[in-house]
Structures are given as C-alpha cells and as structure tokens.
Amino acid sequence: MSSIQNDNFSFDEKSQGLAKIALAKYPNDRKQSAVMPFLDIAQRQNGGWLSQPSIEYVAEQLEMPFIKVWEVVTFYTMYNTKPVGKNFVQVCTTTPCWLRGSENIVKACKEIISENQCDVAHNNLFSWMEVECLGACVNAPMIQINDDFYEDLDYESTKNILQSLIDNKPLKIGSQIGRLGSRGANNAQ
Amino acid sequence: MKKIKVDNKEIEVDDHLTIMQACEEAGKEIPRFCYHDKLSIAGNCRMCLVEVEGAPKPVASCAMPINEGMSIRTNTEKVKKAREGVMEFLLINHPLDCPVCDQGGECDLQDQTIAYGAGHSRFNENKRSVKEKHMGPLIKTYMTRCIHCTRCIRFAEEVAGVNEIGAVNRGENMEISTYLEKTIDSELSANVIDLCPVGALTSKPYQFEARPWELKKTETIDVMDAVGSNIRVDTYGWKVKRVLPRLNEDINEEWISDKTRYACDGLLTQRLDEPYIRIENKLTTSSWSHALTKVTDLLNEYKADEIAFLTGDLCDLETLYLFKKLADQLKINNIECRQEGCNIPFTNQTQYSFNTKIANIEKSDCLIIVGSNVRQEAPIINARIRKHKITSNLPIAVVGENLDLTYDFTHLGDDLNVLSSILDGSHEFSKKLEAANNPMIIIGNSILNRDDSISIFSIIEQLIHKFKFFHESWNGFNVLQIAAARTGALNLGLFKQGNSLEKIYQSIEQNKIKLIISLGADELEFPRINKAKVIYIGTHGDRGANTADIILPSAAYTEKDGLYVNTEGRLQHAYKATFPPGNAKEDWKIINELSNMLSFDWGIIDLPNLRERLKSEHAELFEFDNNKINKYERLLANKAPTADFKNSNIEYLIKDFYLTNAIARNSKTMAECSLARNEAKD
Ligand code: SF4
Ligand code: FES
Ligand code: FES
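Taken in sequence, the protein lines are chains A and B.
Residue 58 in numbering that gives the first Met the number 0 sits at position 59 of the first sequence, with consecutive numbering throughout.
Residue 521 in numbering that gives the first Met the number 0 sits at position 522 of the second sequence, with consecutive numbering throughout.
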C-alpha cells in the first residue's frame with residue numbers, strides 16, 4: 000500500500016447515490032457482490048486511486064474483512080493503490096499496439112509527462128502508465144485517459160493530445176485519423 | 000452406495016465421496032497439496048489428477064464427486080505424466096533451498112517430488128522471489144517457497160475464524176499475506192505451520208533448532224488448558240524443542256492452541272532444580288534429605304487445623320491422590336484445589352464436567368454460554384463450536400461480556416437476571432431453547448466463584464428442567480474447566496464445601512492457619528497468605544515459589560508419566576518425554592518420600608503400583624466412555640434462595656490467554672505473543 004495516504008474517507012452524496020444503485024442489484028445477504036462497483040465508486044471519488052481508508056471504508060460498508068477487499072484491489076489492474084494524476088494516461092503496449100508503434104507513444108509520454116511511469120507530474124495534472132490490451136486493438140496504437148479512448152495514434156498526435164490537456168484545450172476522443180468505428184483505414188467497409 | 004471401479008478393482012462406496020476419497024478407500028494413494036480433509040476443497044494445485052474413463056482430460060480427484068459406474072485409473076502413463084507436469088510447474092518458482100529450510104525432512108513437496116516428480120526441470124529462466132511477510136511472533140515466512148495451495152487462507156477463514164490471511168496480487172505476482180502484514184489475532188494461528196505443505200510458513204521459535212530426524216518423539220497430553228489436547232513432544236537431548244498436535248477426533252481434531260504449542264520454551268527457564276530453604280530471608284540450596292526433614296519437622300510442629308494443603312492447575316492425578324492421602328492421614332481438613340475460589344457444594348462429577356463431550360457439540364441444536372470466554376479458556380472447544388455454527392447455523396447466545404468469539408452469537412447482555420426471563424419464557428431466546436431437542440449450556444468458572452453462584456445454579460437447574468437439556472440420549476449441561484488438574488482433583492475430593500479457599504485465606508489472616516503445603520499452586524492471592532509459612536512443591540521460580548520458605552523441585556508435564564482428567568472427565572495418559580532438571584524429582588516420589596519419613600507406610604514402590612491403588616479406590620475415573628450419556632444428577636441438593644443479581648457484571652477469569660500458568664509465564668514466546676496482542680489492541 001502507498002506510503003502516501005489520506006486521513007479518512009466516506010462516500011459523498013453522489014457516491015452514496017451510486018452505491019445504492021450498485022447494492023440494489025444484489026440480494027441483501029450477498030452484499031459483498033457489490034465490492035467491485037463500490038471500489039470503483041470510491042476510486043472515482045478519491046481522485047482515481049484507492050487509499051487505505053477508502054478500502055477499509057468499502058470493507059466496512061459491505062461487512063467484509065479488510066484482507067478480502069485488499070485481495071480484490073490488488074487482483075484487478077483497474078484499481079490504483081497509489082495516487083494518480085488528474086488525467087490518468089494508460090498506454091497500451093500489448094502486441095498489436097506495439098506492432099503499430101506504441102513505443103513512440105511511450106516516448107511522447109516520457110517527454111511531456113515524466114521520465115518514469117506512475118510519477119505524478121505537472122502539478123498533479125498527469126501521470127502515465129503502461130498497461131496491457133485495453134480491447135481497442137483494431138485501432139492500435141491507443142491510450143486511455145480517464146474514461147476515454149484515443150485511438151490510431153502516433154508520436155505527434157499523442158503529443159498534441161497531451162499538450163492540449165496542458166493548455167486546457169478541448170480534445171477529440173476516439174480515432175485521431177477520422178476512422179469510423181473499426182472500419183478499414185480509409186473508412187472502407 | 001455407489002459401485003465404482005478403481006484401477007479395475009470394483010468397490011462400493013458412500014454416495015457423497017469424492018474420487019480422491021473413493022480411491023483412498025480402494026487403497027490407492029493420491030498425491031495432493033491443496034486438499035486437506037478438515038478444510039474446504041480448493042482444487043487449485045492439480046496434483047491429484049487421475050484418469051476417468053470417458054473423460055478426455057485428467058480430472059482433479061479432490062474436487063470431483065463419484066458417479067455410479069465410474070471407472071477410475073490412478074496408475075496409467077497419462078496420470079504419471081500429468082503428475083510429473085504438475086510437479087515441474089510447482090517447482091518452477093520454488094527456490095529448492097531445502098538444505099537451509101526448516102521443513103526439510105517433513106516436507107510434502109520434497110516427498111512428492113521424489114515419489115512423483117520427473118527428476119529434472121526444463122526451466123532455465125529466472126525464478127521469482129517474494130519478500131518475507133510479517134505474521135507475528137510465531138510464524139516465520141519464506142514466501143518464495145509458497146506453492147499457493149491456499150490451505151493457510153482457508154484455515155484462518157474456516158477454522159480459526161479470523162479472516163486475516165489472503166492472496167494478494169495475481170498470477171505470477173500472487174503472494175500470501177496478512178492484511179498490511181499484521182500479526183494474526185488468533186489463539187490457533189500456528190496451526191497454519193503444520194498445514195503448509197512446504198517451508199513457506201515455518202515455526203519462528205523453532206527456527207534452525209533441529210532436523211526432524213534428530214528428535215525423539217513422545218506422544219502425550221497437553222496441560223495448558225482443561226481440554227487435554229493430544230500432542231507429540233519432540234525433544235533433543237534434555238530440551239523440549241517443539242510440541243505438535245496429534246489427531247484425536249474426539250478432542251482436538253488436528254489442531255492445538257498456540258499456548259499448547261509454544262509455551263514449551265518456558266520449560267527451559269526459571270526451573271527449580273535444587274531444594275531450597277529460606278534462611279534469613281534468602282533462599283539457599285539444600286540437600287533433599289535436609290529439606291524433607293525440615294518439612295516433616297514443620298508438619299509435626301503444627302496441629303492439623305493449623306495446616307492447609309493447596310494444589311495447583313498442572314498436577315497429575317497420581318500425585319493429587321497421594322497428596323490427598325497424606326492430608327487424610329494427617330487429619331488435615333483444609334484442602335483445596337480451586338485456586339480461584341468456588342461456592343458450589345459439588346457432590347458428583349456431572350456438576351463440574353463438560354458432560355456433552357467435545358465431539359457431541361456437533362449434535363447440539365442450541366447453545367447458551369454463561370460466563371465463559373470460550374475462545375480464551377478453551378480455544379479448541381471454541382473451534383468446535385465454530386465448526387458446528389458455520390455448518391449448521393446453530394443458535395448461540397452469550398451471557399457475559401460481549402467479546403469476539405470468532406462466530407456470530409446473540410448477546411444477551413452481561414446481566415445475569417436475563418436467565419430468569421429466559422426461564423419464565425418472556426425472553427426471545429426461550430423460544431429457541433423450546434424448539435431445541437439437544438440444547439447445550441456451557442458455564443464458565445467465572446460463575447462458580449461468585450458470591451451468588453448458588454442462586455445462579457439454582458436458576459440454571461430450573462432452566463434445565465424446563466427445556467430438554469437432559470434425556471436418554473443427551474446431556475447438555477456443561478461446566479467448562481480451565482485447569483488441566485481440576486476435574487481430576489475434584490473427583491479425588493481435594494476440596495471442601497462452601498468457599499473454603501476464602502475461609503483458608505481468612506484463617507491465615509487471623510493466624511489460625513500457619514503452614515501451607517502448596518502443590519504447584521501459582522494462582523493464589525499471594526498477599527493474603529504471606530503470614531503463613533509456605534512449603535512449595537513445583538517446577539518454576541514463579542509466583543508460588545517466590546513467597547515460599549521451603550522449595551521442593553518437581554517435574555513438569557513433559558518430564559513424568561502421569562494421568563490427567565480433562566474437562567469432559569476423560570482420563571488420559573501423559574508420557575515422559577524428558578527428565579526433570581538437576582535434582583528435581585517426579586512429584587509423586589516427593590510426596591511418597593515425605594509420607595515415608597512421617598512413617599506412613601502405604602507400601603507404594605513404583606508408579607504402576609500407585610496407579611493400581613488409585614484405580615482400586617477411584618474406579619469410576621477409569622471408566623470414561625465417549626459414547627456414554629452422563630446421567631442427570633441434581634445440581635443442588637437443596638433449593639437455593641432466588642436472588643436478584645445486583646452485582647451482575649461477569650468477570651472472565653482469563654485476563655491474558657498467553658500467561659495463564661507458571662510454564663507459560665516463563666516462556667519468552669508467550670511473552671512476545673502477549674505483547675503483540677496488547678500492542679494490536681492499543
Ligand atoms: S503459505 Fe503454505 S499453506 Fe499458505 S498458500 Fe503458501 S504453501 Fe499453501
Ligand atoms: S493491444 Fe492495445 S488495445 Fe489491444
Ligand atoms: S489436491 Fe486436488 S487440486 Fe490440489
């Protein structure tokens with residue numbers, strides 16, 4: 000667990016609403032089933048990562064032992080146990096993306112964000128991390144920033160995206176070369 | 000019953016068996032790592048693969064139930080190859096550091112590699128290594144050796160009832176750890192060391208102490224509590240190196256408490272190995288003959304009613320018997336074994352025994368616990384209750400402090416008046432008792448030493464009549480003793496009616512009792528006896544010896560053959576694993592010599608001889624039968640006054656689980672455990 004921690008944690012109003020919806024999906028005596036949505040809600044509220052108090056809070060809400068929640072947190076890569084930047088950039092480097100040049104994307108991240116992955120940079124604006132396949136291989140290479148995918152990237156377009164974030168300019172999500180869905184490169188069907 | 004074939008041999012087996020169990024019945028051994036018959040089935044090691052006719056792939060026999068007509072093959076080429084494959088995978092990340100591993104010589108991985116492995120590996124990459132994890136003062140971890148069988152996780156969750164161990168991360172990075180590497184807060188934690196099939200979890204106090212084949216193994220009985228767990232004591236030379244559980248389905252199954260396992264280092268420190276006599280307020284060593292002469296002089300000097308005989312919690316039955324005989328011969332009336340005091344006028348064994356018997360807890364359908372912190376007083380019995388609770392959803396109610404017992408219960412408050420409302424039917428819980436056919440009540444010793452204990456007993460007696468606590472096939476009345484010697488001592492009559500201990504204290508304070516012979520009585524209120532002269536017969540320079548005027552050193556439970564009666568009334572033999580230190584003598588010999596010097600000639604020359612005597616006078620002790628239903632006896636001869644329990648707070652007797660007797664108090668490991676628990680509390 001990270002040495003950086005926040006003091007305490009509890010769901011705010013918005014999270015409480017979401018938690019209620021998640022809980023309603025499961026029978027009363029099977030509360031633990033809601034552990035994944037709960038952790039997600041907590042992570043969103045906590046700025047993209049799960050602190051020790053937030054994990055323990057979720058465990059208490061669902062009447063689960065801490066270790067059982069910790070197992071879930073560490074099993075799934077979607078939960079971060081260390082602080083991340085406001086824009087959390089996940090760079091896919093699995094084979095299809097790698098074949099299509101994900102190394103250049105990583106290079107762009109290193110230049111603009113930080114030399115090492117997972118370092119929070121630019122006054123908390125960014126952090127980046129290499130991840131495994133995010134399921135958008137058809138439009139490889141790609142990155143995910145928070146909840147959005149940016150596809151068909153190259154070194155330049157990645158730099159542009161990151162620079163726009165720094166300049167607080169609007170971004171185009173999805174394919175950066177104007178591909179529709181997963182059609183051929185020239186949008187041929 | 001189902002008919003199946005194992006390696007072409009037809010057998011008929013129980014319907015609910017798994018393939019592995021069926022193969023075992025057919026006499027075929029199936030290798031395994033994750034399967035353990037006291038834990039749930041995980042099916043994750045794949046070592047137990049067998050071939051089933053018609054199935055395209057080998058199946059994990061531990062997790063697959065049998066089917067009518069199934070034909071199972073355990074010795075084909077395919078099975079052999081499958082096992083070799085699994086072994087090779089398991090060893091990929093295993094460090095193969097057997098020469099420096101404490102598990103060496105008793106390691107499942109070692110043994111099964113030899114029996115079922117291919118003998119070589121094709122893995123040339125780097126092995127992974129995992130950082131050691133902190134799990135407390137008892138469990139040493141070498142997590143690189145872990146094969147992820149998850150036995151430890153399942154034990155903690157299912158048997159110990161502390162959900163504290165888990166598997167974090169995934170795949171190649173999976174590691175076993177406690178949450179934030181905290182100490183496991185359980186009285187049974189060290190059992191994971193036995194369960195771990197490899198050397199990932201080993202014993203911290205026993206680290207690098209000995210190899211299993213160098214040790215002399217003695218099968219004996221534990222005395223740390225009144226359960227009488229079956230243990231094996233391993234010694235190297237004189238020293239007791241470790242204590243391990245022995246399987247006994249009627250008592251401890253496969254588990255022992257951490258105190259049973261680790262108090263043994265207390266046998267090495269602060270031992271009394273010479274007789275001592277206090278001269279000018281300093282204890283000086285003396286010869287046996289001199290010390291014994293002194294004792295006889297004192298016994299002759301004082302009148303019978305100026306002498307009190309007190310016995311402790313760890314005494315063996317033979318010595319108690321002789322001690323009582325000596326008291327009778329000297330016409331000494333002040334004799335008492337109940338060191339915490341007790342008001343109940345016991346008249347027969349059912350009044351102070353665990354009549355239901357430990358294994359029968361699993362037949363009960365409703366349980367009420369009054370004034371007993373079972374988790375601390377008898378962790379093994381608590382584990383049995385928990386086992387039954389999680390498999391049958393047994394309704395459990397507790398009157399007493401609301402503590403974590405590792406299972407859910409209804410807390411009825413710590414006000415004893417609730418018993419009256421259960422009795423008159425106005426309480427919710429009466430309905431549960433009403434519906435039960437085999438209800439049980441467990442009464443703790445903290446009830447027996449109260450001033451109003453007779454009134455409590457009287458209400459309990461009425462409860463027992465109102466509900467079905469007694470019938471031909473059931474006796475649900477239980478008193479949970481906490482001292483190994485207690486049930487036996489009570490059977491031999493080493494007590495007086497009324498709160499005789501209090502009377503003894505008072506007489507000492509009033510200078511009426513001037514001499515105490517203490518047979519290992521270490522739990523007394525010592526400030527109250529310091530007016531009297533004390534002759535202490537015992538093993539450790541502990542509380543009892545500190546105030547003594549003459550000390551006669553004796554043998555601890557691992558150093559003598561002896562009989563013990565556990566809380567159920569079960570007589571068990573303890574065997575000598577090693578020798579008493581220095582000039583210390585076995586307890587019965589000391590008493591016997593003393594009585595010879597006092598010219599009482601009982602003609603007892605050796606232990607068998609003594610046991611025969613004991614048997615002829617107390618035959619009932621030797622007739623314990625696990626299947627016999629103890630018959631109902633009145634708890635109280637006379638009807639007691641009903642009382643309003645004003646001062647109703649129940650105070651549990653055990654304040655610190657790890658430090659309940661002289662051996663445990665002198666154990667470094669127990670001190671560490673106690674410290675770790677207290678630190679975790681703050
Ligand atoms: S530590 Fe031992 S018992 Fe626990 S999972 Fe690893 S090998 Fe199994
Ligand atoms: S490989 Fe990059 S998204 Fe699938
Ligand atoms: S023993 Fe069957 S899978 Fe482990």
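Mixed in with the good hints there might be a few duds.
[What the hints assert, rightly or not] Taking lysine-lysine pairs in the DSSO-like style, the calculated list, with each CA pair at most 27 Å apart, reads:
hint	chain 1	residue 1	chain 2	residue 2
1	B	LYS638	A	LYS81
2	B	LYS1	B	LYS77
3	B	LYS181	A	LYS81
4	A	LYS67	B	LYS386
5	B	LYS638	B	LYS654
6	B	LYS132	A	LYS67
7	A	LYS67	B	LYS130
8	B	LYS1	A	LYS67
9	B	LYS465	B	LYS431
10	B	LYS530	B	LYS281
11	B	LYS77	B	LYS56
12	A	LYS67	B	LYS37
13	B	LYS386	B	LYS330
14	B	LYS680	A	LYS67
15	A	LYS30	B	LYS575
16	B	LYS430	B	LYS132
17	A	LYS67	B	LYS181
18	B	LYS130	A	LYS30
19	B	LYS132	A	LYS81
20	B	LYS575	B	LYS216
21	B	LYS495	B	LYS530
22	B	LYS181	A	LYS30
23	B	LYS293	B	LYS330
24	A	LYS67	B	LYS388
25	B	LYS238	B	LYS588
26	B	LYS79	B	LYS56
No lab work stands behind these hints, which were simulated from the structure alone.
For a C-alpha distance cap of 27 Å, please report whether LYS530 (chain B) and LYS281 (chain B) respect it.
holds (17 Å)
Given the hinted pair LYS67 (chain A) and LYS386 (chain B), is their alpha-carbon gap at most 27 Å?
holds (21 Å)
Going straight from one Cα to the other, do LYS132 (chain B) and LYS81 (chain A) come out at no more than 27 Å?
The given pair, whose Cα atoms are some 21 Å apart, holds under the 27 Å limit.
When you check the alpha-carbon spacing of LYS77 (chain B) and LYS56 (chain B), does it fall within 27 Å?
holds (9 Å)
Next pair to validate is LYS293 (chain B) with LYS330 (chain B); report whether the Cα-Cα distance is within 27 Å.
holds (20 Å)
Between LYS680 (chain B) and LYS67 (chain A), does the CA-CA distance stay at or below 27 Å?
Holds: LYS680 (chain B) and LYS67 (chain A) sit about 21 Å apart, inside 27 Å.
Tell me if the straight-line CA distance from LYS130 (chain B) to LYS30 (chain A) falls inside 27 Å.
violated (34 Å)
Below or equal to 27 Å on CA atoms is what counts here, so check LYS495 (chain B) against LYS530 (chain B).
holds (22 Å)
Holds or violated: are the alpha carbons of LYS575 (chain B) and LYS216 (chain B) at most 27 Å from each other?
Holds, because 10 Å separates the two Cα atoms, which is no more than 27 Å.
Decide if the proposed pair is consistent with the structure: LYS638 (chain B) and LYS81 (chain A), CA atoms, cutoff 27 Å inclusive.
With a Cα-Cα distance of about 69 Å, the restraint between LYS638 (chain B) and LYS81 (chain A) is violated, given a limit of 27 Å.
Could you grab the alpha-carbon distance between LYS67 (chain A) and LYS181 (chain B) and see if it respects the 27 Å cut-off?
Judged against 27 Å, a Cα distance of about 14 Å means the pair holds.
CA of LYS132 (chain B) to CA of LYS67 (chain A), is that 27 Å or under?
Distance ~17 Å between LYS132 (chain B) and LYS67 (chain A) Cα, so the pair holds.
Violated hints for the displayed structure, listed by number in ascending order: 1, 5, 8, 13, 15, 16 and 18.
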